[in-house]
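These are the residues of each chain, in order.
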Amino acid sequence: MTGLQDRLTPEQIEAFGREMDAIRQRIVADLGQDDVDYIMNVIRTQRGLEVAGRALLFAGFFPPAWLAGVGALSLAKILDNMEIGHNVMHGQYDWTRIPELSSQKFEWDTMAPAENWRHSHNYIHHTFTNVLDKDRDIGYGILRIDPAQKWHPYYLGNPVYATVLAFIFQWGVMLHDLEFDRIVRGERKWSDPELKQMRARMAPKAVKQVGKDYVLFPLLTGPLAPLTFLGNATANLTRNLWAFAIIFCGHFPSDVESFTEEETENESRGQWYLRQILGSANITGGPLFHILSGNLSHQIEHHLFPDIPARRYPQIAAEVRAICEKYGLPYNTGPLRKQLWSVAKKIVKFALPPKPQRSAPEPDTLARDKVSRAA
Amino acid sequence: MRLAALAEALLTPHGIDRYLELVHPMLVRRELRGEVTAVEHQTADTVTLTLRPSSAWRGFQAGQYVRVSVDIDGVRRTRCYSPAGSQHRAGQLELTIKEQGLVSGHLQRMRPGQVVGLSQADGAFTLPGRRPKRLLMISGGSGITPLMAMLRTLADEGHDGEVVFLHYANTPADLLYAGELARQAPNVRVVTAYTHAGDGFFSRKHLVAAAPWYADAPAYVCGPAPLMDAVRAVYDREKLGAQLITEEFTPPELVIDETAAEGTVRFAHSGVEFPNSGRPLLEQAEEAGLSPEHGCRMGICFSCTKVKARGRVRNAKSGEVSGEDNEEIQLCISVPAGDVEIDA
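Note that the protein sequences, when read in sequence, are chains A and B.
Residue numbers are given in our numbering: position 317 of the first sequence equals residue 317, and the series is strictly consecutive.
Positions in the second sequence are counted from 1; adding 375 to them yields our numbering.
These are calculated hints, taken from the structure and not from any lab test.
Where hints are given, some of them may not hold.
Claimed, not checked - Under the rule of at most 27 Å between Cα atoms (straight-line distance), these lysine-lysine pairs were calculated in the DSS-like manner: (1) Lys-105(A) - Lys-580(B); (2) Lys-196(A) - Lys-212(A); (3) Lys-508(B) - Lys-614(B); (4) Lys-692(B) - Lys-134(A); (5) Lys-580(B) - Lys-692(B); (6) Lys-189(A) - Lys-150(A).
Claimed, not checked - Derived DEER-like restraints, expressed as beta-carbon distance ranges: (7) Gly-533(B) - Pro-204(A): 49 to 59 Å; (8) Phe-576(B) - Pro-314(A): 30 to 40 Å; (9) Leu-477(B) - Asp-192(A): 45 to 55 Å; (10) Ala-322(A) - Thr-412(B): 29 to 39 Å; (11) Thr-621(B) - Ala-318(A): 31 to 41 Å; (12) Glu-107(A) - Arg-377(B): 17 to 27 Å; (13) Glu-107(A) - Cys-455(B): 25 to 35 Å; (14) Gly-222(A) - Arg-377(B): 13 to 23 Å; (15) Ile-447(B) - Gln-25(A): 51 to 61 Å; (16) Ile-447(B) - Pro-314(A): 46 to 56 Å; (17) Pro-193(A) - Gln-417(B): 51 to 61 Å; (18) Thr-621(B) - Lys-134(A): 50 to 60 Å.
To be verified - Per the computed footprint, the stretches of chain A lying under chain B, defined by three or more beta-carbons under 8 Å from a beta-carbon of chain B, are: (19) 27–35; (20) 106–113; (21) 210–219; (22) 276–288.
Here the structure is a predicted model, which means the values were calculated and not measured.
In this text, a Cβ means the ideal position worked out from N, Cα and C, and glycines have one as well.
Work the whole structure out from these sequences, hints included.
Here's what the structure looks like:
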C-alpha cells in the first residue's frame, strides 16, 4: 500500500472527488461576459504598458523616463507571460472561441515557442504533476529538489544552478523542452524527429524575440541605442526573476509531496485531485499580487482546474481549503517571503548528499516514507 | 509594405492588429471586420445592415456568402449570410437577416457604428463569367439575398438579356426589396407568389407561367428546404437537373440521439473515414490507425485540440452538444453525434 492511496478511504476519496467536480461544474456553468471582459482588460493594460514603456525609452536620456520605461515594459512582460500567456495557453478561454484567446493560437513574449511549452507544461507537467521520472518540472532536469532524486556530486552546484536559472529564466524555459539531461544520458537522441521539430520552432522564435528587444528597438532610438538595449535587457531580467520566484514557489516549498509512478497507476479522479493538492503550494497576497503572478499564487486551485479562467481561483480558494480541512489534507500556503525562503533552504539542502542516519523526521519526505514510519 | 513588415517585427509575437484594434476596431490590417453604417427594417422580422468592410476586404462575387461573427455572452458565434448588394459596389456590404436563431436575433439589434467580424467571401453559387442571355432565379423568404446580389450586379453591368425573378414570400408584408423589385428594367420580369395569401407553393404551373422557356436557361435557386426540394423534383422529373444551380439556404434539421452512435467520422487531411463507434474522437481515430497529437486524455491539456469542419459533437465533460462549423474541439472528450469531419 502506498501513501497517496492510503490518505483517504475509498469512500472518502470518492466523496472528495465529487466535491471537487461540483466546484468545477459550478464555475464552468457561470462563465460568461465578465470573464472575457476581465481578460480583455488585462490585455489592454498589457498593450498600453508595453507601448508606453517602448515610447518612454525614446526619451531614455532622461533618467526618470528610462526608469519609468523599464518599469512599464517589465510589467507588460510579466502580465503577458503570467496572467495572459500562461492562462490563455491552458485553454482557459477556449470556450469563448475568440481566436486571440485560443490556446492553440496564442504566442507569448518570451523565448519558449508556445507549441513546445504546451507539450512540456500543459501535458507533461499538468498530467504527471510531481510524479518522479515523469514530471520534468521536478528540478527541471537541472536541480535536485526532492529527496527521492538520487544524489550526485553534480548537485553540489544546486544553489549556483538555481541562481543562474533565475537570471536567464526565459532561456531556461525554452531549453527545458530539449531535455538536455536525457540527451546527455543517452535516453534521447539529438536527431529524434520530435526534437528536431521542437528545435525548428525555437530558432525563428528566438530570432524574433532577440531581434525586437536587442536590435530593432535599440536601432530605432538612434544614439540612445545602448540605453534602449540596456532598458530592454533589464525588463527581460525583471520578468525572469519574478517568473522564477513565483514558479519555484508553486511546487518546491517544504512539505510539498512527490509521488512514484507505481502509486499513481490507475488513479481515480479523486486521487488525481488529491495528488494535485499534495503536490502544489500557494502564496498569499493582495489582488494585484495575484494578477501579477498570473494567479499562480493559487497554484493549488490552478492544478485542480487548470482550464478554468485564473481570475476564478481566488473565488474558490476558501472553499477548496475548507474541503482540505474537512478531509484532513494539507493546504500549503504562506506569504512570498516564507515560500521563497523554504525553496531556498531546499535548494541548499538537497545540494548535499543525504545523511546516512536520521535523528529526526525530515520535513521533506515522500508520502510513502511517512506511511512506513507510521506503520 | 516595408513599414508594415517592420511594425510586425517590432510588435512580435502579437502582431500589429492587436495594437491597432485598441485605437479603433476598424484599423485592423490583416483581420477582416465590418462597421455597421446603416440599419433598416424592411419587414417586421428582418434587418438590413449595410457594412463597411475593413481594408483587408477583397470583394465578393454575387451569390457568395460571408461569415459574420459576433460575441454573445462572451462567446464568439459565427453564421453565414449572402451579401445582397451588387458586387460592383466596392467597400459596401449589404446583409438582410431574418430573425431566427442566436446570431440572427442578435444582429436584429445592431446599431450604426458597431463592428462585427467578417470573413472573405466564399462559395460557388455564382454567375458564370460570360453572363447567360436568359436567366431564371427562384427564391423564397430571405433566400432572396444572393439572387438580389445577382440581379443588382447584372443591372450594374447593363445586362439586357431576359431575366425572370420568381420569388416566394408568406404575405405581401413579408416581401423584401418590394420597392426595388417593382422598379426593374424592362428585361427583368419579377413574379411574386404569396404562399399564405392564396398563391400556394412552387409548382410546375408557376414555373411555366413565369418562364415558359425554363428548359433552355440555367436556374438559380435559393430558399427554404421545401422550396428547394419542390424545384428539384420538377427539374429531375424532366431530366433538367443539370440546369439547376442551388444554394442550401438553411441546413437540414438534425435529430440528435446522444445514446446511439450514428454517422461517419472523417479526418479530412488524411482522408481516413470510419463509422462512429460512440467513443471519444481521439480513441476512434487511434482505432482507425491515426495518431493525432494528444496529451492527458481527460480534457485538461488541450494538446488534441483540432478544428471540426462540420458536424455535431457532444462534450463528454459538460454534456454540451455543439454543431458550429470550423470550431475547435478537444478530440479526447468529444463524442460525435452523427456525421463529423475533422480538419486533420
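Results for each hint:
no.	hint	result
1	Lys-105(A) - Lys-580(B)	55 Å, violated
2	Lys-196(A) - Lys-212(A)	25 Å, holds
3	Lys-508(B) - Lys-614(B)	22 Å, holds
4	Lys-692(B) - Lys-134(A)	26 Å, holds
5	Lys-580(B) - Lys-692(B)	54 Å, violated
6	Lys-189(A) - Lys-150(A)	23 Å, holds
7	Gly-533(B) - Pro-204(A): 49 to 59 Å	52 Å, holds
8	Phe-576(B) - Pro-314(A): 30 to 40 Å	60 Å, violated
9	Leu-477(B) - Asp-192(A): 45 to 55 Å	47 Å, holds
10	Ala-322(A) - Thr-412(B): 29 to 39 Å	55 Å, violated
11	Thr-621(B) - Ala-318(A): 31 to 41 Å	59 Å, violated
12	Glu-107(A) - Arg-377(B): 17 to 27 Å	23 Å, holds
13	Glu-107(A) - Cys-455(B): 25 to 35 Å	29 Å, holds
14	Gly-222(A) - Arg-377(B): 13 to 23 Å	19 Å, holds
15	Ile-447(B) - Gln-25(A): 51 to 61 Å	22 Å, violated
16	Ile-447(B) - Pro-314(A): 46 to 56 Å	27 Å, violated
17	Pro-193(A) - Gln-417(B): 51 to 61 Å	59 Å, holds
18	Thr-621(B) - Lys-134(A): 50 to 60 Å	56 Å, holds
19	27–35	holds (count 6)
20	106–113	holds (count 3)
21	210–219	holds (count 4)
22	276–288	violated (count 0)
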